[in-house]
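Undergrad: Chain by chain, the residues:
Protein chains: 4
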Amino acid sequence: MSTTGKLPDLASDAVLKPSIPIPSDFQEVKGIDYSQDAAYNSSATHLIQSMSTMGFQASSLSQACSIINNMRSWRGKHRSELEDHESQKGEFDSEGFQKTTIFMGYTSNLISSGLRDTLRFLVQHKMVSAIVASAGGIEEDLIKVLAPTYMGEFSLPGKGLRDQGMNRIGNLLVPNDNYCKFEEWIVPILDKCLEEQQEAMSKLGSNGLDADSDAIWTPSKLIDRLGKEINDESSVLYWAHKNKIPIFCPALTDGSIGDMLFFHTFKSSPQQLRLDIVADIRKINCMSMEASQAGMIILGGGLIKHHICNACLMRNGADYAVYINTGQEFDGSDAGARPDEAVSWGKIKAEAKSVKVYADVSLVFPLIVAATFASERPAPVAE
Amino acid sequence: MSTTGKLPDLASDAVLKPSIPIPSDFQEVKGIDYSQDAAYNSSATHLIQSMSTMGFQASSLSQACSIINNMRSWRGKHRSELEDHESQKGEFDSEGFQKTTIFMGYTSNLISSGLRDTLRFLVQHKMVSAIVASAGGIEEDLIKVLAPTYMGEFSLPGKGLRDQGMNRIGNLLVPNDNYCKFEEWIVPILDKCLEEQQEAMSKLGSNGLDADSDAIWTPSKLIDRLGKEINDESSVLYWAHKNKIPIFCPALTDGSIGDMLFFHTFKSSPQQLRLDIVADIRKINCMSMEASQAGMIILGGGLIKHHICNACLMRNGADYAVYINTGQEFDGSDAGARPDEAVSWGKIKAEAKSVKVYADVSLVFPLIVAATFASERPAPVAE
Amino acid sequence: MSTTGKLPDLASDAVLKPSIPIPSDFQEVKGIDYSQDAAYNSSATHLIQSMSTMGFQASSLSQACSIINNMRSWRGKHRSELEDHESQKGEFDSEGFQKTTIFMGYTSNLISSGLRDTLRFLVQHKMVSAIVASAGGIEEDLIKVLAPTYMGEFSLPGKGLRDQGMNRIGNLLVPNDNYCKFEEWIVPILDKCLEEQQEAMSKLGSNGLDADSDAIWTPSKLIDRLGKEINDESSVLYWAHKNKIPIFCPALTDGSIGDMLFFHTFKSSPQQLRLDIVADIRKINCMSMEASQAGMIILGGGLIKHHICNACLMRNGADYAVYINTGQEFDGSDAGARPDEAVSWGKIKAEAKSVKVYADVSLVFPLIVAATFASERPAPVAE
Amino acid sequence: MSTTGKLPDLASDAVLKPSIPIPSDFQEVKGIDYSQDAAYNSSATHLIQSMSTMGFQASSLSQACSIINNMRSWRGKHRSELEDHESQKGEFDSEGFQKTTIFMGYTSNLISSGLRDTLRFLVQHKMVSAIVASAGGIEEDLIKVLAPTYMGEFSLPGKGLRDQGMNRIGNLLVPNDNYCKFEEWIVPILDKCLEEQQEAMSKLGSNGLDADSDAIWTPSKLIDRLGKEINDESSVLYWAHKNKIPIFCPALTDGSIGDMLFFHTFKSSPQQLRLDIVADIRKINCMSMEASQAGMIILGGGLIKHHICNACLMRNGADYAVYINTGQEFDGSDAGARPDEAVSWGKIKAEAKSVKVYADVSLVFPLIVAATFASERPAPVAE
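Chains as they are written, first to last, in UniProt numbering: chain A, 1 to 383; chain B, 1 to 383; chain C, 1 to 383; chain D, 1 to 383.
The following block holds chain A by itself, in its conformation from the complex:
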C-alpha cells in the first residue's frame, strides 16, 4: 500500500462507526469513591455496594448478595390466610408469614476449610432450610470435633506426606490419626443403629421396607443421629439436628463414613446395616414442592449442585439461585453449567433472579455472608 495514499474509508468507517444514542436505563461503570470515609477499611456492605457497578465478577458478587438478601426478605401470606393443608407446608417466619425455603449445598472441602464456621453460623441461626453435602462434608464436620485440621501447602509432595500419615486437601493437612479417632467414635453408634434396625425388623417383619417403616435407615436419618451424638456447638451437624434442618447426602458411603460402614459389615455379619436412598429423594423433593418460594445457594459443583437443582424441578423451578464455583461450561459438565442451563430444564424459573460467581468459594463466601446473613448480629434463636 502506498505510503502517500489517503486513509481508506474501509478502515475509518469500521473504526469510527457511530453508535446509537445511549438508552436512558444504561448504568455507568464506576468504582469506589475514595472521597468518602467509608472507602477506608470498608465494611462488607459498603464494599459489596461499591462493587455493584464495577463489572466482571465484582458486579456478579454484588448481585449474589442482592439475590440472597431478596430470598431472605421475601414474605408471602400469613398462616391465618391459608387453607388448612397449606398452613403446614413450607417455611414461616416467627410472625407466621411464609418465607423462602433455602436449599444450601456445599462440597466436602469447604467443611475442611475454615468456612465450616461460617456454614455452622448459618445453620445455628436457622438461616437455611435444608442442606445437601457430599460425604466428606458430613464426616469432616464430625472429625473436626475430635481433632483439628492444619494449614499446609498445595505443593507438598504426596509420598512424604503418606509416609507421615498426613492427608492433603489442597493446602490443608489432615493427620490420619483423625480418622482413627473417628472410627473409635462411630463404631458404637453404628452398632446401635444396627440394633435399632434389627429391633424394628423383628417388629415389622415382612413389612419392614414399607414407606412408614422405621426399620430402614437413610442417609439423612443417620446424619441427624450423628449430629445428635456429636453434641458439640462447633458442629454443623449438631445444629442441624437441634434446628431440625435436614442434611441430604445421597452418596453418604463415598468417604470415611463409607469406610466405616464397610468395616462394620465384617463386624455385623450376617446382619448388615442398610441405608436407603429412595426415602431421601422423596423427602427433599417434597420439601421443594411444599416451599412457598425456593432459593438455592450452591457452593461448589458436582452432585450437590445437581441434587438441589433436580429437587427444584419438582416445583417447576427455584425462584432464586446463587452458584459459586470454579467450573466452566465448555466441557458440558453440570458442574460448570450456568444458571441459564438449569432454566432450560425447569430447575430455575425463567423469571427467577440468578447469578453464578466464578470463584473459589473460600475467597468470596466470607465477604458475602458478612454483607448479608451476618450484616448484623442475629437475634437469639427462639427455642
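It is possible that part of the hints are untrue.
In this list, chains with the same sequence are indistinguishable; a pair is considered to hold if it fits within one copy or across any two.
Capping the alpha-carbon separation at 25 angstroms, the derived lysine to aspartate or glutamate pairs in DMTMM-like fashion look like this [unchecked claim]: (1) Lys192 - Asp214; (2) Lys221 - Asp9; (3) Lys159 - Asp33; (4) Lys17 - Glu184; (5) Lys283 - Glu86; (6) Lys242 - Glu196; (7) Lys267 - Asp224; (8) Lys353 - Asp93; (9) Lys6 - Glu351; (10) Lys221 - Asp210; (11) Lys192 - Asp210; (12) Lys283 - Asp9; (13) Lys244 - Asp214; (14) Lys267 - Asp214; (15) Lys89 - Glu229.
What the hints contain is simulated information worked out from the structure, not anything from laboratory work.
Fit chains B, C and D to the supplied structure of chain A, relying on the hints for placement.
TA: Using the frame of chain A, we list chains B, C and D on its own:
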C-alpha cells in the same frame, strides 16, 4: 542512571548466569518430523508418539496413553501358580494370567455426548472391569435407546428452550419427550422390582436386611437389571450386564431415575422400593482389595473421581492412574486435585504411574482410545 | 407430605412437560462407529470427522478444522479480472486466483514446545500469510538453533533450578547457557544493525524518520534480519524470511532480545539502536485492508490475540476465526473473550465462521494440522 | 469375597495408618469467630485476618495482603548513610529512608471496569513506583474522561451490538462514539508530537537517534504527555504524569491509540511519528536495578506480567511478588505460571515472599486495597 555508564554486573550476572552441564538423561523437546510420510493425516498412534516430547499437555496426553497401555499389558502369575483362595480373586486373561482390574469412571455428560459409543466399545469388549458413573451416566444411556439427543449451542437462551421442552446439556439438546418415554419404559420395571422385593421380604421376614438377603436392591443391582431390560447393543448398560461388569452409582437417585423412583413411591404406597448403598460400597471395596493390580481411568470430576480413588485406598493405592478433567486444584476441591494429592491419602501408590490431562474429555478421549484400546480391532469376545 | 397422597401435578407437569416436534434440521449426537475398520488407530481426518457430532469441545475441534479448510480453499477472482490497483493486493494462488490472507498468532511457549516444528511446517510451505508472536516466540526459535530445550516437570522447585541455571517453562527446561549462546550470536548482528541505522541517518539527516526512511528499524524488519542470519531450516524465522512472510511482534523488547538490546545500549552509547512500532502497525493494518478474505488462527491469548483481531477491524472484520486457548470470559479479559465479543467490535464479521476451542494448544493443534494443512504431503514450494 | 470373612488387614492398615505427632509449628485451620462483634458487617482488615487460616484461596488472599503490607512498610538505610551515587537511586520515603520500588501491572479490562478508580487512587497517592499496562489500559483511561463505559451482560449477542455500535468487554459496553471522541481529542496532540519530533530532528540531524536525543518519542513519553493533556483528576494517566510515575506499554500500538497512530500516518505523510521501544526497556530495567527492594503487584496475565518479571531479572529477582489472575499453568503459558516458575529464572528471589491468588482481579482487589493501601485515609500528598 547515566546513559554512558558500563553495563552493571548485577544485570549481566543475573541474565548470563551459567548452567550446569546437561545431565545425560535429559530428553530434548521435539515435535513432529514432517520429512516422514507418517506425519501426513497421521494415525492415532503416530500422533501420540510424536506428542510425547512436545511438552505441556501434549506430553501428558502421550503419557496417559502409555499408562493405559501399561495397565492393559500387565500380567502377573498364572492361575495354576496361585493358592486356591487367590485363584478366584481379581481379573485373569483368557490364558489364565492375572491382569489389571481397571476401574473406569465417567460423568453424566459423557454419556450424553457422542463418547457414549466409545465407552460402550470398552465395555462391550471387556476392556474395563468396573464402572462408576453419576446418575445421568446411567439413565442417559437408556434414554438414548428410546430417542436421540441432538446437537445444540452453548449460547441458546434457557427460557426459549424451556418453552419448547428442550433441555440443554452444554451444546447438546435433549427433548423432554425423551424423559416421558423413559418414564413409560421404566415404571413397569420398577413395579417388577418392587414385587420381587416384597416376595423376598415375605420369605425372609425379619431377616430381610441380612447381608445375603436378596430382598434389598442396590444401585448396582438395579443398574444391572436395567441393562438386561434395555436389551440393545448400542447401550453401555446392556453390555455391562452381558459381560458382568458392575456399574456403581451410589447416588442413583440424583437424576431422572430418582424422579421416577420418587413418582413410584406415590404409586406403590404403602409399599416402597428401597435402594441400599451399604452393600455397594462393600462390593466395590472388595473388588479393589481382590485386584492383582488396580488401574484407574477417571473421566471428569466429582463423585465418580473420589469414589474410585476411595475404593483403591482399601488396597493401599492404585498402581496406575489416569485423570482427565478440567478441574483446578486451587479451590481445594477433590475434583481438581492432582494425582499426587491421592498419593498422600494412600489412594494411589507412591510408585504408581499417574498423570492428569487437563482437558475436556471429549477432546482427547477419542484419540486416546484410538491409540490404545482401539489401536487394532479387538478379537471377538469369547462368550 | 403424606406418604399416601397422589403424586402432585406440580411435579409431574414439570418433569413430564412435552416438547415440540423435532425440527427437521436437528442433527443427532453420535460418536465413532466401531464397526468400521477406520475406527482402529484412526487417521486424523477420520477422527475429526467422527468428532463433529460428539458435542462439547469435540465438535468445536471438528468445526475448527472445517473453518481452516474453508479458509484454505476459498478462491476469489482471477488476477486478470481485477483492475490494476487491485491486482497487487492480498494473496493469490499459483494460478492467479485470490485466496485468503491468513493471520496466525502464537504465544512464546508454543515455540518452546515441540509445536515449533508444526509452526515451522506451516511457514515453510507458505500456508499462512503473516504471523504475530510474543517476544519469546521470536527468540526461542533462534535459540533452539543454538541449543536444545529439554523436558522437565511442572512441579520442579524453582530454587533448585535457579541454582543449576535451569529455567522452567511449564514442564520444559531451558539451560541458561542457551541465553549466553544467544547473546554471543546476536551482539554482532545488533552492531551491524546499528551501523546501518547510522549510515542511513547520515545520508538522510533530519529526514531520517520519514515514512520511507530506511534508517529506522522496526520489530518486523529486525525479525526478518534475524531469520536471514540464523540461516537454518529448522527455524520458523528462517522460512518466514525466505518466504517473505512478515512476523509482527510489537513488544519485541519483552524478553531475551530486550535484554540484549538493553545490554547493547551500554555498548553502543552514545549511539542507540531504535525500534519503531508505528511503521509496523501500519504494515499489518494495510495487510488486513488489502486482503481479499481474512482468516485468523490464534493460538493462545494476550497481545497476539488482540493484535490480529485489531488489525482485522481495519477491514470491518475477519471472514474466518479460530481461537484456541485456555482463557475464560468471566474476568472480562480479551484473552478469554469468545469470538462473539470480537463481532461486537467489528473485528470478526457477523456472518463469519468462527469457533473457540477451549484447550491447551499443544493438545489439539497437532491433530488439527494433521487433519487440515498436513492431511497430505504438500507439493514442493515453487521458489 | 465371602460376606462372613474378617476385615482384611490390607484395608484396615491402609485406612487406619497412624500419623506422626503433630509438629509444634502446625497451624490449625479455623474461620470466623462469630462470638465477636467484629464478625458482623466486618471491616476489610478483620475479614482478611480471619481468612488467613481458612485455607484454599482465602488464605492466599490474606497472604497477598500481608506481602503488600510488607513491601509497603519495608525501610532501608537513610539517605545520609549512603554514598553519593547510591543516594539518587531507588525510592525514598518522606523522611529519607529507602523504601520498596513497587511495580504494578494491569491489563486493559481493569481500566474498563470500575477498578480504574482504585488504580487511580494508588497512583494519586504515590503508592506505586511504576506501572506496566497493555494498550487498552492506556487509552480506556483517557476515553473514560471523554465519555462513560456502561454495564452490560456477557451473553449479549455480538451482531446486534455491532449494529448498534456498542462494543462489548465482558459484561461491559463501550459505545463506539467514545472512540470517535477519542480520535477528535488525540489527533491534535499527535500533530503536536510530530511537530516536536521534526523540530528536534532538524536540530539534531543525523544524531537524531542518539541515546540522549529528544527527537524520538517512546511509549512512556507519549503516555506521560497524554496524561498531562487529559488534565482530569479522575484519570490514572493524569496522576501518573503529575506524580512522575512512569507508565510502560511496549505495545502501545495494540489498540485504539494504534488505530489513531495508523490513521495519522496518512495525514502526516511523508513525515511519520515514531515510537521507539528500546529506550523504554532501558528505562524500566534501570529502575529495577536501582531499586533498594523491588515489589511486584501483577493484576492479570500476558505481556504486563512478563514485562515486570523480566525487568526484575535485571536485579536478580524481586523481593516481593503478588500475582492475581485466572490463568493456569498446565498449558505452559507465562500468563498462568506460578511465582515459583519465575524463581527458576531469577525473576523472583528464592527467599522472596510471593503468592498467586487465583481469581478475577475485580473480585478481590477492592478488598485487598481496602485492607492494605486504603486501610486508612492517606495523608495529603506533599507536592
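Undergrad: So, for every hint listed, does it hold in this structure?
TA: Each hint tested on the structure:
In the homo-oligomer, the alpha carbons of Lys192 and Asp214 lie at most 25 angstroms apart both inside one protomer (14 angstroms) and across protomers (24 angstroms), since each shortest distance falls under that limit. With identical chains, the CA atoms of Lys221 and Asp9 are never at most 25 angstroms apart, being 73 angstroms at best within one copy and 28 angstroms at best between copies. With identical chains, the CA atoms of Lys159 and Asp33 are never at most 25 angstroms apart, being 51 angstroms at best within one copy and 35 angstroms at best between copies. For a Cα distance limit of 25 angstroms, the shortest separation of Lys17 from Glu184 across copies, 14 angstroms, qualifies, whereas the shortest one inside one copy, 73 angstroms, does not.
Only within a single protomer do Lys283 and Glu86 lie at most 25 angstroms apart by alpha-carbon distance; the minimum there is 17 angstroms, versus 44 angstroms between protomers. For a Cα distance limit of 25 angstroms, the shortest separation of Lys242 from Glu196 inside one copy, 21 angstroms, qualifies, whereas the shortest one across copies, 39 angstroms, does not. In this homomeric assembly, Lys267 and Asp224 come within 25 angstroms of each other (Cα to Cα) only inside a single copy, at 23 angstroms, whereas the closest approach across copies is 28 angstroms. For a Cα distance limit of 25 angstroms, the shortest separation of Lys353 from Asp93 inside one copy, 22 angstroms, qualifies, whereas the shortest one across copies, 50 angstroms, does not.
For the identical chains of this complex, Lys6 and Glu351 are neighbours neither inside a copy (53 angstroms) nor across copies (29 angstroms), given an alpha-carbon limit of 25 angstroms. Taking the closest pair of Cα atoms, Lys221 and Asp210 come within 25 angstroms of each other both inside a single copy (16 angstroms) and across two copies (20 angstroms). Taking identical chains as interchangeable, the C-alpha atoms of Lys192 and Asp210 lie at most 25 angstroms apart whether they share a chain (22 angstroms) or sit on different chains (16 angstroms). In this assembly of identical chains, Lys283 and Asp9 lie within 25 angstroms of each other by CA distance solely across copies; the values are 17 angstroms between and 67 angstroms within a copy.
When the C-alpha separation of Lys244 and Asp214 is checked against a cutoff of 25 angstroms, the pair qualifies only within one copy, where the shortest distance is 18 angstroms, while the shortest distance between copies is 34 angstroms. Taking identical chains as interchangeable, the C-alpha atoms of Lys267 and Asp214 lie at most 25 angstroms apart whether they share a chain (23 angstroms) or sit on different chains (20 angstroms). Taking identical chains as interchangeable, the C-alpha atoms of Lys89 and Glu229 are never at most 25 angstroms apart, the minima being 29 angstroms within one chain and 39 angstroms between chains.
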